[in-house]
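Visitor: Residues per chain are reported as follows:
Protein chains: 2
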Amino acid sequence: MAGKKTERSKKKRVGNMKTAEELAKKQKEVSVAEFFERNRHLLGFDNKRKALLTVVKEAVDNSLDACEEARILPEVKIEIIDMGNERFRVIVEDNGPGIIKQQMPKIFAKLLYGSKFFSRKQGRGQQGIGISAALLYAQLTTGRPAKVTSKTGPNKEANYMELRINTEKNAPEILKEEVVEFKKDRGTKIELDIEATYQKGDQSVDAYVKQTAIVNPHATFIYTTPKAEQFVFARVTEELPKEPQEVKPHPYGVEHGILTKMLKATESRTLQSFLTNDFSRVGPGTAKEICDKAGLLTNMKPEELTHAHVDKLIQGIRETKIIAPSPDCLSPIGEELMEKGLRKEINAEFYAAVSRSPSVYRGIPFVVECSLAYGGEQSAEETVRLMRYANRVPLLYQQGSCATFKSIIGTNWRSYGLQQSTGSLPQGPVTIIIHLASVWPPFTSEAKEALAHYPEIIKEIKLALQEVGRKLGSYVNKKRRLFAEQKKRSFIEKYIPHVSEALAELLKLSKNDQEKIKENLKELLEKYRGKLEELGVDNPEYDEEFANIGKVEEVQDEQSD
Amino acid sequence: MAGKKTERSKKKRVGNMKTAEELAKKQKEVSVAEFFERNRHLLGFDNKRKALLTVVKEAVDNSLDACEEARILPEVKIEIIDMGNERFRVIVEDNGPGIIKQQMPKIFAKLLYGSKFFSRKQGRGQQGIGISAALLYAQLTTGRPAKVTSKTGPNKEANYMELRINTEKNAPEILKEEVVEFKKDRGTKIELDIEATYQKGDQSVDAYVKQTAIVNPHATFIYTTPKAEQFVFARVTEELPKEPQEVKPHPYGVEHGILTKMLKATESRTLQSFLTNDFSRVGPGTAKEICDKAGLLTNMKPEELTHAHVDKLIQGIRETKIIAPSPDCLSPIGEELMEKGLRKEINAEFYAAVSRSPSVYRGIPFVVECSLAYGGEQSAEETVRLMRYANRVPLLYQQGSCATFKSIIGTNWRSYGLQQSTGSLPQGPVTIIIHLASVWPPFTSEAKEALAHYPEIIKEIKLALQEVGRKLGSYVNKKRRLFAEQKKRSFIEKYIPHVSEALAELLKLSKNDQEKIKENLKELLEKYRGKLEELGVDNPEYDEEFANIGKVEEVQDEQSD
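Taken in sequence, the protein lines are chains A and B.
Start counting the first sequence at 1; every next residue gets the next number (our numbering).
Start counting the second sequence at 1; every next residue gets the next number (our numbering).
Only chain A is shown next, with the shape it has when bound in the complex:
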């Protein structure tokens, strides 16, 4: 039976079977532009509302990066025009350094092309995909080319180009090219026609611009909505953020593959000099210690290291204490501004902020910052509100898959006085801002909407949350005790008339004296309440003083003297 069955199925198989040779004919290379054209949702273009945001975001990110890199205070104009039938024209113009003519086509119409990928310092853009992706989306949905104008100096010509991407080749096509008038010394302007919808609210372009302005106080934004409303977010400081410096990788977390690549590429002659020259934070002492722990000689030639040697070297690095990465390559927002941003946005009764010291994942430095606002007009019935930023860019989508979200739900907020059910955001009148500043923030998709779950990053976010959480906890507990005490007091207050009446009867006092006692008792209570509010209830003397309230007789005696 079994034999027969096998034979039958074998026959059937062979009958229709395709050979490896037939299948091989279909194998083909895919251009990265074709890949993203098909997968436009990876780039943030999975629905029309988000598409509008993504286009604006990519253009604004580029403008801010260009201005800051050239050390120019940014002024970015954003205009969205509703052209009807779910089509919008997005125009973003900056006062940045401009782009030289030869570079314009590639920067705007070639995916995976840019200056940030190989740079080891903090920036908004990173992969050289964003703005070309926006162009790809425009040509996919409306078929219109991008219109780009750029001028690099007061005495230079302004170049205008109409660009599209040849997706089969991932290469730019110039449809039109001319010299035009441009009314400023330098800057770049891009115009894209896209299919989109406009809607106000939490994940809107309006929210994005507002949140961007909060953490970029050195930039001016002039934003015209599709409803032709204009919002101006003027800069509040003339100081550019500290310019991040390029740094070498930190040894912690460097992977086998990367280390092998570096050993191959290095110009250093010995392992010792390789470690000190090609990494940050490694001096001769540290380099020697790494080699010792790895059981390798410091004078080995880098090209001599075998596969097993590299494994040992990684082990040596793990076992050696190396100082934290330099914050030079990063440009965190800072505690003060983190709190200021919240104060601007949220009318609350308590604020706290923390900016952690730099840490490393996969050899890449990062800093986590966190601020928190409690109470005020915020609803106590809902879950806390989370505002997420990476390299000063607000993240508005995919909260649930973000490392920040995972860190919050993994933190025990009950000990800080908030309610929380397992696996959920805590509940309470709280807004939390989390900012990750990094040379390379790891996003869960090319659309840069959420941070990937690297354990080192989650750990740092949790530590930051715990720090502000403890501050919150001591405030909330203080408030709770205060509230309990006040309740006790109001209880006592209720009995003052009866007490004074009883005293009057016992001591045979006149009606007048009785009134006096009542007044005195009230005054006494007021006095302590005033102190209470002023000092808070943490004052150790408080309980003692409060105890005196019971001694009404003596006090009364003194008063009547």
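Some clues are possibly wrong.
Identical copies go unnamed one by one, so any copy, or any two together, can satisfy a pair.
Stated by the list, open to error - Dumping the calculated EDC-like pairs for lysine to aspartate or glutamate here, alpha-carbon to alpha-carbon at most 20 angstroms:
hint: 1; residue 1: Lys248; residue 2: Glu267
hint: 2; residue 1: Lys18; residue 2: Glu239
hint: 3; residue 1: Lys288; residue 2: Glu303
hint: 4; residue 1: Lys261; residue 2: Glu195
I should point out that these hints are in silico values taken from the structure, not numbers from a laboratory.
For this one, chain A is given, so just place chain B on it according to the hints.
Guide: Okay, now just chain B, sitting in the frame of chain A:
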């Protein structure tokens, strides 16, 4: 003052300012392999546990696809060896058609290379990234090359290669190459050393293999865990799934950019023949109607269509009723198997399944299938359990960002008898399986962990959920009514002795008669209860019959006659 300030800041700006020319020097092309090496989390390699799963998944997906395409019943061996120190060797071997020698390097060691991207039929792989990404991860974390063996027929040589990716060029490098012994007629074997951790549970390799076996009953899996346990999931059918056929795009949802591309590439001479030849489901009548509605002539030459014409053509397509896409390109699991899979996995009391008819997003056909199990050993206190599949591949991560999740929380489960708080999964003893079969399932990342939020897909999932939901609702409500009735009955039962006693007293019956009455009353109740269980409480006669129970006296009278 203001003037002074501006001047100062201008000076400062100009002092450090970088020119466009300086900035241009840094612009550079990024290879797609470098891009993914840096962004390995996009490919499912953001933590060590998931890395193990991803490597196995990519290899098994490839094996199953190859076998099915060649019409061979798959037998896939998966072996994971714990090599200590968080290193694992993953070996996956299949009985597929094999890969010809020239193709081996590119298939395994070049990103964006494959046969599926341009194919318009359902498959597991799609982008030509997966297995090369696994190789990239191996070389990044352990530095070890991939070891691949393949044989394409009984009389052919088996080729063995050691491969790595040159990331700067996104090109394969062959480290070793030889002819070896391979003990089967044909097949492919891949061996990768990676850094990973092994852990059992919901998101483990164990769970993946089990869930894969459930929806691939035509495949045999022999799985050896890192603990050296062996699990065999033998095939339960000798029938391969229906072979999906290549289809042309469906006109619905085709975008401007794609349409323009198709018009350029077509060999058809007229708009009429373009529509009928290059699309599926468009006959001459439909083509004419589209042209009429678009206000275009059917005999226009495709190359003559301007930008505005394309806009009109899209409008014409939107306004024309075109039959749903052919399911030929898809290979859904089917209602029967969807339910069977659940029955195998979950011991429940009620099952329901639905397989929707094909629908379209962006011109791409898809089918949504859904099954549900209620009650039994499942906990009523927790949220429902969701099992997600795309093209017969289980999705184990990123549930929160999946279109299936969004569809479930957007469905009102209260009307189907489950508890649900806003924005959450419903609560109850329920498991739901959702399967999307599509020519191109849109994933939220290259790791293919969750489905993107395309409105058309969410709508179809919701409709499927509502269909099984209604079935569930009528069952749950029936059960609830049954329960209420039974409670009523047991209440009455309690009073039978008292009633019989009272009757005995009123009618002056003997002790014997009183016992008889009691027996009769019980019998009567039993009779109706039996009926109730047999018929369910939907029986319209039931209430009438039940009402008779109240009439104990008359019944008793009859009995005593």
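Visitor: Are the hints correct? Go through all of them and say.
Guide: Now for the hints, and whether the structure bears them out:
no. : hint              : in the structure
1   : Lys248 <-> Glu267 : within (14 angstroms within a copy, 55 angstroms between copies)
2   : Lys18 <-> Glu239  : between (67 angstroms within a copy, 17 angstroms between copies)
3   : Lys288 <-> Glu303 : within (18 angstroms within a copy, 70 angstroms between copies)
4   : Lys261 <-> Glu195 : between (44 angstroms within a copy, 18 angstroms between copies)
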